[in-house]
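**Q** Sequence:
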Amino acid sequence: MKKIIQFAILFFIGTNLLGQSGAKKYGLVEHFTNLPCPVCASRNPNLYNRLSTYTNSVHHIAFYPGIPYSSCAYYQANTAENLVRKAFYGVNGSPQVFFQGLWVNDDAGFISTAKLNALATATSPLEIKVEDQSGATKKIKLKNLGLFSIGAGNLKLFVALVEKQINFLAPNGESIHKDVFRKFLTNPSGNDVVLIPSGGEAIIDLPYSLSPNWIASNMYALAWVQDISNKEVINSGSENDITSVEDIILDNQALKAFPNPSIGTLNIDYSKYKEAKSIELWDAMGKILYQTDITSNSSGVHSLDVSNLASGAYHIRLKTNLGIVTKTIVK
Numbered sequence: 031m032k033k034i035i036q037f038a039i040l041f042f043i044g045t046n047l048l049g050q051s052g053a054k055k056y057g058l059v060e061h062f063t064n065l066p067c068p069v070c071a072s073r074n075p076n077l078y079n080r081l082s083t084y085t086n087s088v089h090h091i092a093f094y095p096g097i098p099y100s101s102c103a104y105y106q107a108n109t110a111e112n113l114v115r116k117a118f119y120g121v122n123g124s125p126q127v128f129f130q131g132l133w134v135n136d137d138a139g140f141i142s143t144a145k146l147n148a149l150a151t152a153t154s155p156l157e158i159k160v161e162d163q164s165g166a167t168k169k170i171k172l173k174n175l176g177l178f179s180i181g182a183g184n185l186k187l188f189v190a191l192v193e194k195q196i197n198f199l200a201p202n203g204e205s206i207h208k209d210v211f212r213k214f215l216t217n218p219s220g221n222d223v224v225l226i227p228s229g230g231e232a233i234i235d236l237p238y239s240l241s242p243n244w245i246a247s248n249m250y251a252l253a254w255v256q257d258i259s260n261k262e263v264i265n266s267g268s269e270n271d272i273t274s275v276e277d278i279i280l281d282n283q284a285l286k287a288f289p290n291p292s293i294g295t296l297n298i299d300y301s302k303y304k305e306a307k308s309i310e311l312w313d314a315m316g317k318i319l320y321q322t323d324i325t326s327n328s329s330g331v332h333s334l335d336v337s338n339l340a341s342g343a344y345h346i347r348l349k350t351n352l353g354i355v356t357k358t359i360v361k
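One point on numbering: in this note's numbering, the residue at position 57 of the sequence shown is 87, and numbering is uninterrupted.
Note that these hints are calculated values from the structure, not bench results.
One or more hints might be untrue.
As the list claims (entries may be wrong) - Taking lysine-lysine pairs in the BS3-like style, the calculated list, with each CA pair at most 27 Å apart, reads:
1) K261 to K361
2) K159 to K261
3) K286 to K361
4) K208 to K286
5) K349 to K302
6) K349 to K159
7) K286 to K261
8) K317 to K361
9) K159 to K302
10) K349 to K171
11) K261 to K307
12) K171 to K194
13) K159 to K145
As the list claims (entries may be wrong) - Distance windows between CB atoms, simulated:
14) P289 to S328: 17 to 23 Å
15) A340 to S100: 52 to 58 Å
16) D222 to T325: 28 to 34 Å
17) N338 to S247: 28 to 34 Å
18) S142 to P291: 41 to 47 Å
19) P242 to T85: 45 to 51 Å
20) N86 to G120: 27 to 33 Å
21) S328 to P242: 54 to 60 Å
22) A150 to S328: 36 to 42 Å
23) A340 to P242: 54 to 60 Å
24) T83 to S205: 39 to 45 Å
25) V224 to G120: 55 to 61 Å
Beta carbons are placed, not taken as given, at the ideal position from N, Cα and C, and that holds for glycine.
Work out the full structure, taking the sequences as your base and the hints as a guide.
**A** Structure, rendered in structure tokens:
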């Protein structure tokens, strides 16, 4: 069955995105394993158990590099592209795990809980969304949330077709195989992320076919952008990601911040937003500098001392039960 994957790459620079700044950053877990490997059978369940409580924070993909056993069925299913990813990291054995582009072996679960817990407050300048378009098209959107220009240089876009779970008894005794890599939709070495001007947009259509050996209902696309010079993963996105109320951007006309510019006390008037939950102040790099919860008896105006901040643009982020409101202020 022939389908189209559509990639909408949207970049918004500076304040062109109504002051929105910083996207949720997912952790990309690249897992190199092998079906006949007995050590893989003993260690993989620990990784799966560790990740099971972080399903809304991480994306896991399993590659099969053909070591120590080239007879591995999933390696044989796509030898060439598994070898490309193996060479990218210099993988010399199985199992091995790379988290955000870095090799990890912190403990029995590979990735420490401290590293995974840190994702709760991690942000990225790039947001990646993957949407299913009623069977014939899948659309992936990459948005630069106005922090700085992204593109060109060493950044590459990778998109893979992944089978969510396969149940069968492997030679090593494993019976559950999660997020099995099947095929790259981009070049296996990645597609260039071209420099796009502020407010610009690029759309890429990638056709593909599903093998009859794959269960169509288990297939999904996983996308990530990576700096190939240092292996840093900028962010990742999957069509299995849960869309939350925080993905809804509300009109910001009723959110007042004064004086703006401000060199001392900044007053934030959120009184028109009855469902307000919290206020955050972000810098231009997507770092949260200040956060406070809003109680039911709050006055509707919050005062914040910005006298110690460096000169520049900052972003107020008001979280509500209906979505988020953002506004840019200047120091």
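**Q** Hint by hint, say whether it matches the structure.
**A** Outcome of the hint check:
1. In summary, the hint linking K261 to K361 is not supported, as the alpha carbons are separated by about 35 Å, beyond the 27 Å threshold.
2. With a CA separation close to 21 Å, the supplied pair K159 and K261 stays within the 27 Å bound.
3. About 16 Å separates the Cα atoms of K286 and K361, which keeps this hinted pair within 27 Å; it holds.
4. The suggested pairing of K208 with K286 is violated, with an alpha-carbon distance near 48 Å, which exceeds 27 Å.
5. For a cut-off of 27 Å, the pair hint linking K349 to K302 stands: about 13 Å separates their Cα positions.
6. For the given pair, K349 sits about 20 Å from K159 by alpha-carbon distance, which is consistent with the 27 Å threshold.
7. A hinted pair counts as satisfied when its Cα atoms are at most 27 Å apart, and K286 with K261 does not qualify at roughly 41 Å.
8. For the proposed pair K317 and K361, the alpha carbon gap of about 16 Å is at most 27 Å, so the pair holds.
9. Taking the CA atoms of K159 and K302, the gap is about 30 Å. The hint is violated against a cut of 27 Å.
10. Using a Cα cut-off of 27 Å, the hinted pair K349 and K171 holds, with the two alpha carbons roughly 23 Å apart.
11. A hinted pair counts as satisfied when its Cα atoms are at most 27 Å apart, and K261 with K307 does not qualify at roughly 37 Å.
12. Between K171 and K194 the CA atoms are separated by roughly 21 Å; this keeps the pair inside 27 Å, and the hint holds.
13. Straight-line distance between C-alpha atoms of K159 and K145 comes to about 23 Å, which keeps the hinted pair within the 27 Å bound.
14. Between P289 and S328, the C-beta spacing of about 21 Å keeps the proposed range 17 to 23 Å intact.
15. Look at A340 against S100: about 56 Å separates their beta carbons, and that is inside 52 to 58 Å.
16. Distance hint check for D222 and T325: the Cβ-Cβ separation is about 49 Å, which falls outside the suggested range of 28 to 34 Å.
17. The supplied range of 28 to 34 Å is broken by N338 and S247, whose beta-carbon atoms lie about 54 Å from each other.
18. Checked against the given bound of 41 to 47 Å, the beta carbons of S142 and P291, roughly 42 Å apart, stay inside it.
19. For P242 and T85, the hinted distance range of 45 to 51 Å is not satisfied, since their beta carbons lie about 29 Å from each other.
20. Distance hint check for N86 and G120: the Cβ-Cβ separation is about 31 Å, which falls inside the suggested range of 27 to 33 Å.
21. A hinted range of 54 to 60 Å for the beta carbons of S328 and P242 is consistent with their spacing of about 59 Å.
22. The hinted range of 36 to 42 Å is not satisfied by A150 and S328, whose Cβ atoms lie roughly 24 Å apart.
23. Checking the proposed 54 to 60 Å range against A340 and P242 shows it holds: the Cβ atoms sit about 59 Å from each other.
24. With their beta carbons about 22 Å apart, T83 and S205 fall outside the hinted range of 39 to 45 Å.
25. For V224 paired with G120, a C-beta distance near 28 Å fails the hint of 55 to 61 Å.
Hint compliance for this structure: hints 1, 4, 7, 9, 11, 16, 17, 19, 22, 24, 25 are broken, all remaining hints hold.
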